[in-house]
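Protein sequences appear in the order of chains B and V. According to this note's numbering, the first sequence is numbered sequentially starting from 56. According to this note's numbering, the second sequence is numbered sequentially starting from 2.
Just so you know, the hints here were simulated from the structure itself, not pulled from any lab data. Please note that a few of the clues may not be correct.
Unchecked claim - Pair by pair, the computed Cβ-Cβ distance ranges are:
{"id": "1", "chain 1": "B", "residue 1": "Gly63", "chain 2": "V", "residue 2": "Glu32", "range": "40 to 46 Å"}
{"id": "2", "chain 1": "B", "residue 1": "Arg138", "chain 2": "V", "residue 2": "Gln8", "range": "28 to 34 Å"}
{"id": "3", "chain 1": "V", "residue 1": "Arg89", "chain 2": "B", "residue 2": "Thr92", "range": "49 to 55 Å"}
{"id": "4", "chain 1": "B", "residue 1": "Glu76", "chain 2": "V", "residue 2": "Arg43", "range": "54 to 60 Å"}
{"id": "5", "chain 1": "B", "residue 1": "Thr225", "chain 2": "V", "residue 2": "Gly71", "range": "32 to 38 Å"}
Glycine included, each C-beta is placed from N, C-alpha and C at the ideal position.
Here are the chains, one letter per residue:
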Amino acid sequence: MRSAQGRGRTLDEAVDAALIELQESRRNVDVKILSETSEETLVEVAVIDQSAPAIGAAPAAPNGKAEIARSLVEGLLKHMGVRAQVSVRTGADPITLDISGRDLGGLIGWRGETLRALQSVTNVMVGKHLAEGERIIVDVERYRQRREHTVREIAMRAARQVKMTGDAITLDAMQPFERRAIHLALEGDPDVTSSSIGEEPERRVVVGPRKPADESAVR
Amino acid sequence: MPGRDPQRGAERIRKAIALVNSVADEAGDEEITPTEIAEAIRDCLELSDVDAVPNVRRYLGEALDAVSDGMPADFVAMTLYAALGALREGT
Numbered sequence: 056m057r058s059a060q061g062r063g064r065t066l067d068e069a070v071d072a073a074l075i076e077l078q079e080s081r082r083n084v085d086v087k088i089l090s091e092t093s094e095e096t097l098v099e100v101a102v103i104d105q106s107a108p109a110i111g112a113a114p115a116a117p118n119g120k121a122e123i124a125r126s127l128v129e130g131l132l133k134h135m136g137v138r139a140q141v142s143v144r145t146g147a148d149p150i151t152l153d154i155s156g157r158d159l160g161g162l163i164g165w166r167g168e169t170l171r172a173l174q175s176v177t178n179v180m181v182g183k184h185l186a187e188g189e190r191i192i193v194d195v196e197r198y199r200q201r202r203e204h205t206v207r208e209i210a211m212r213a214a215r216q217v218k219m220t221g222d223a224i225t226l227d228a229m230q231p232f233e234r235r236a237i238h239l240a241l242e243g244d245p246d247v248t249s250s251s252i253g254e255e256p257e258r259r260v261v262v263g264p265r266k267p268a269d270e271s272a273v274r
Numbered sequence: 002m003p004g005r006d007p008q009r010g011a012e013r014i015r016k017a018i019a020l021v022n023s024v025a026d027e028a029g030d031e032e033i034t035p036t037e038i039a040e041a042i043r044d045c046l047e048l049s050d051v052d053a054v055p056n057v058r059r060y061l062g063e064a065l066d067a068v069s070d071g072m073p074a075d076f077v078a079m080t081l082y083a084a085l086g087a088l089r090e091g092t
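With the rest of the complex left out, here is chain B (with noise of 0.2 Å):
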């Protein structure tokens, strides 16, 4: 995975940096902060899964379930009338498909909802051939990856507004799987907590101070 080291007065300038020496634009990287104080932040940028296959390029090595989730998707999108390739992603636990084309928008909807209907119907449909509490992920033009960037990197903010000033952050609604990438962004940090309130589908995340009787607590 190719990554950089940037530094900068503040977490912008530094991703900055970083991203320069790459040559990458910032929705391709993922940013881990290396280093933080009140004059200089030093944060390392990782490129996203580069070893995804492009456009066009070959499918993946055959695996039995992911190959038999690719097929079928492929068949179910031919049925709908949408052209587009589906990919099996290398190296992805649990089995990713790409979806990839162009004009997919509608394949993805208002905030994901058509891809994550797409991927329900994914999972029933190759339900069979999977193990207990296995699934399929189906994503379209990197939607869900980026989504997951985009979060984890907000996540990254709360938390040193929460470390700078001492106050809980409610972010906005989200949803199940860009909360649990905060919560998985967080769980390390020893100093922030993260959890969550209200009622689906306005379920918000909570990122406050740890306090120490936070160190016992369940999420």
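Based on these hints, arrange chain V on the given structure of chain B.
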């Protein structure tokens, strides 16, 4: 039909879908019981739009049965998406 509000119907179905997706996606920040999902689906069934638009009640009923039968979350979600789609098409 007086009192019809397709938007409210869609919102309730989306709420039920969001609950089911929380289970399927394992957000890890809440415990959702089948009873809560069934309650959310029953809330949808109370709306007048359910009878005004063909198939919506049928799909919601199937989703409720699927919850009772312990079917996988994705199956319940798929059936609820079908109800949402039917509601959209019929309004």
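Do the hints match the structure? See the list:
{"no.": "1", "hint": "Gly63(B) - Glu32(V): 40 to 46 Å", "result": "holds, 42 Å"}
{"no.": "2", "hint": "Arg138(B) - Gln8(V): 28 to 34 Å", "result": "holds, 33 Å"}
{"no.": "3", "hint": "Arg89(V) - Thr92(B): 49 to 55 Å", "result": "holds, 52 Å"}
{"no.": "4", "hint": "Glu76(B) - Arg43(V): 54 to 60 Å", "result": "holds, 57 Å"}
{"no.": "5", "hint": "Thr225(B) - Gly71(V): 32 to 38 Å", "result": "holds, 35 Å"}
Checked against the numbered hints given earlier, the structure satisfies every one of them.
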